[in-house]
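Chains A and B, in that order, are what the protein sequence lines are. Residues in the first sequence are numbered consecutively from 2, following this note's numbering. Residues in the second sequence are numbered consecutively from 2, following this note's numbering.
Rather than coming from a laboratory, the hints here were simulated on the basis of the structure. One should not assume that every hint holds.
Copies of the same chain look alike in the list, so a pair counts if it fits in one copy or across any two.
Below, computed lysine to aspartate or glutamate pairings styled on EDC-like, alpha-carbon distance capped at 16 Å [stated by the list, open to error]:
1) K138 / D51
2) K137 / D168
3) K138 / D49
4) K210 / D36
5) K137 / D91
Since the model is a prediction, treat every value here as computed from it, not as a measurement.
Number of protein chains: 2
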Amino acid sequence: MKQIRRLQEHARGHRTDLDSVLDAASVGTLATVVDGQPWVVPMLYARDGDRVILHGSTGAGALRHVAAGSPAAFCVTLLDGIVVADTLFDSTANYRSAVVRGHLTVIDPGEAAYALNLMSDSLIPGRSSEVRSSTKKELAATLTMALPITPDGWTVKVRDAPPELPDDAADSGGWAGVVPLRTVAGDPIPAPWIGTDVEPPESVYRLVKGS
Amino acid sequence: MKQIRRLQEHARGHRTDLDSVLDAASVGTLATVVDGQPWVVPMLYARDGDRVILHGSTGAGALRHVAAGSPAAFCVTLLDGIVVADTLFDSTANYRSAVVRGHLTVIDPGEAAYALNLMSDSLIPGRSSEVRSSTKKELAATLTMALPITPDGWTVKVRDAPPELPDDAADSGGWAGVVPLRTVAGDPIPAPWIGTDVEPPESVYRLVKGS
């Protein structure tokens, strides 16, 4: 029984496992160390091959600190279900999580437009082809960073299983199972100045249909 | 225009803002510092008045490190919508996030059963009244910790607004707005050994209906 328990929640070692977790979410938590203290901030991100692209405002002081080469850890978590077991002890969650560790680098201004397109298309697939390119002024106001994915610099943990069978048969008899959770998109809400005759673009339709 | 921009994404200073963000989620990212490096792990949690209760297995080595009094930061993020603006630069997300900073303490064994009930009821409201209490053996295998919420030890940031109006009128004309996101529960999936005649408990029905 205990062996089964240990098998159900475990580390995944294939790089494709990491990519699938990173590609399934849009927001993660960036952590670094500032004056010996842990410092965290939620950030939008996108994976670009062997690196994670993050971006924020150049006005964010602590982001500059991170960008200056401090060690960083970036954590992404997807809550996939609530595991209802026979006991409180065995009740838990099904989830996928990834941590990428390394040193952030600031993306070269020459590459920043590419990175910003990638970020936008990760959040709203296809959006970069519907609007104009970013201007130099916009790119200058964006701090775009990259966290390299190195062979030893990441971990993935997944729990995707029914509840444990109770250790004591006296605990069984009731219902046990999983309540799956998923994120869905609702009807698009036009900005207050948008007339009712203006149709949402293809990218927005895809976002709603794909959820 | 820039003043409006700064107003749309901002810190919230009322303690009720913090409580509403913490009470709306079940999983967060715990960060600490180990050997000068940032260390992060996703954790289930529940708020209990002026503290955040977290729990994990006593087998998790780094958790013990945190429990031993290291400084910690706990970050919760809810992604509420995708903000589709006229430009890539202004495209972003609506979200709620909270960070609680402090030093974790291990919860006294005498209080651990109370904390575990609270954790379970936060994940599955009402579940603790449907099953037996946790045994001494189960409580001994659970590391339950508390992160106190102090007046200066937290920050909340929220973006809940339509896209920015473009700085340049030439950029406007297309659709702009928000695609709202929410988490929904699907049909409960019984564990493989549960007969089709076994009805899910009230707590599971509430979980599915309430989502």
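Intra- versus inter-copy proximity for D51 and K138 (alpha-carbon distance at most 16 Å): Neither way: K138 and D51 sit 28 Å apart in one copy and 44 Å across, limit 16 Å.
Within, between, both or neither: how does the pair K137, D168 come out at a Cα-Cα threshold of 16 Å? between (63 Å within a copy, 14 Å between copies)
For K210 and D36, with the copy left unspecified, which applies at a CA distance of at most 16 Å: within, between, both, or neither? So K210 and D36 fail the 16 Å test inside a copy (46 Å) and across (46 Å) alike.
When Cα atoms must be at most 16 Å apart, do K138 and D49 count as within-copy, between-copy, both, or neither? neither (24 Å within a copy, 46 Å between copies)
Alpha-carbon proximity between K137 and D91, which holds within one copy, between copies, both or neither at 16 Å: Between copies only: 14 Å across, 54 Å inside.
The structure is inconsistent with the numbered hints 1, 3, 4, although it conforms to all the rest.
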